[in-house]
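77 is the number of the first residue of the sequence shown in the working numbering; add one for each residue after it.
Everything labelled a hint here was simulated from the structure, so no lab data went into it.
Derived pair list, reagent style BS3-like, types lysine-lysine, alpha-carbon separation capped at 30 Å:
{"hint": "1", "residue 1": "Lys260", "residue 2": "Lys328"}
{"hint": "2", "residue 1": "Lys260", "residue 2": "Lys326"}
{"hint": "3", "residue 1": "Lys124", "residue 2": "Lys416"}
{"hint": "4", "residue 1": "Lys416", "residue 2": "Lys328"}
{"hint": "5", "residue 1": "Lys255", "residue 2": "Lys326"}
{"hint": "6", "residue 1": "Lys416", "residue 2": "Lys260"}
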Amino acid sequence: MGRPSRIRNAILEALRDHPLMSRRQLELYLHGSSAGVRYGLRELRKHKWVWQTNARQPAMRARAIYALTQAGIQELARQSRTSYRDYLVHNRLSPDRLNRLVLMQERVFQLRTLFLWLAGSQTKRTPNLAGSNSSRKKASRANPHQKAGLSTGRESTSDGAASDSQSWQAITWDVEVGKLFSTKRSAVWIPFHGAAVMRRGSTVSGKESSNGHWAFIVVEFDVGRVTVERDRERLTQFVAAQDDPRYWGKEKEQLFPVLLIVAQDELRLQEYYNVFRSAALARQLPMPRAYLTTVRAMLSLRHDRLSPIWYSTISGNRTSLLFDTEGSSIPLADQTLWRKLPLNETIGQSENVETSGVYAPDQTTHQATLGRNCRSSFAQTSRLVYVAESFPSAHPKCHRRDAPTEID
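Based on the provided sequences and hints, a complete structural model is requested.
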């Protein structure tokens with residue numbers, strides 16, 4: 077199989093797992109060159125295996141985002157030698173899932189970018205790093221937690237923290253997921269904006285460290301659409317989930333998810349902290365292991381994922397991500413630690429694929445279909461545990477805002 081076929085198949089599989097990604101995100105995800113990804117997308121569009129739409133959203137710098145067409149999924153099914161319907165079921169491809177991603181498009185885009193930064197190597201090619209020392213100095217001087225009233229203490233990172241042995245790297249991740257927790261009182265699905273498995277000690281060559289320590293993280297990414305108080309119930313459920321018997325004991329408590337909170341500003345960061353503190357005190361439970369930062373401070377991770385921008389509830393200090401987390405040495409299970417949302421999705425009904433507006437057969441019909449489905453998609457999503465924060469900007473044609481926060 078020639079090189080063009082390999083890049084085409086890699087893009088198809090990437091968009092199958094993470095639809096609505098931009099070209100730059102595909103480059104980071106595949107560790108490929110800009111020219112190679114451009115060529116692959118151009119060839120796939122000629123075959124009508126992918127379609128693109130404009131990404132005119134707040135905080136979305138990309139010009140276009142891409143997803144598979146029905147023909148593209150059929151091509152993947154043909155290569156795997158399975159029926160089209162079985163392929164949809166096996167890979168959990170559904171209109172409901174993609175409609176949700178459209179509704180959450182702004183948050184999904186930013187969160188994927190964060191995961192891609194956390195997954196990248198410290199020495200990966202970064203064409204625009206030249207002359208970026210001034211921006212790094214600004215990021216190091218900025219302290220997003222002082223204004224929020226959180227004690228930063230001493231910085232827990234040093235030059236030695238930049239070593240590979242202390243570096244945590246995302247090895248698998250996804251957005252818009254749910255996790256089932258079972259306590260003494262009840263079992264509850266808690267939705268999260270994103271989740272990832274982090275591994276410590278990965279080398280530049282990609283080989284895993286001998287200790288094999290890993291950590292499960294879940295992410296709350298704040299886009300500032302609703303008040304923090306509105307999410308109190310869901311966040312309180314996460315605090316109460318520490319009573320799940322599966323996480324009892326010194327060794328198993330490291331399996332409990334570590335929460336990352338990326339707040340829109342310092343004031344909202346303080347509100348998140350207050351919610352967790354009050355919930356833990358009311359239930360006489362310890363504070364969950366969490367790392368908090370702001371969107372502005374998060375931008376420094378683009379060049380250095382070891383930046384000490386996170387306020388740790390473990391040590392009370394400003395640290396790099398998971399710096400004071402031991403991680404688990406228990407072998408990582410093969411099954412996924414989370415489930416894609418929505419939970420009540422309809423999978424395998426091919427008659428709904430094109431009419432849903434997520435898999436469009438060609439470039440001329442999908443934008444109008446997506447526009448018609450903005451309101452109907454919201455009606456489906458509102459039956460979930462929580463309502464979409466970014467519904468007003470669910471589609472480029474539904475809403476526009478100026479002055480975006482640029483993340484690519």
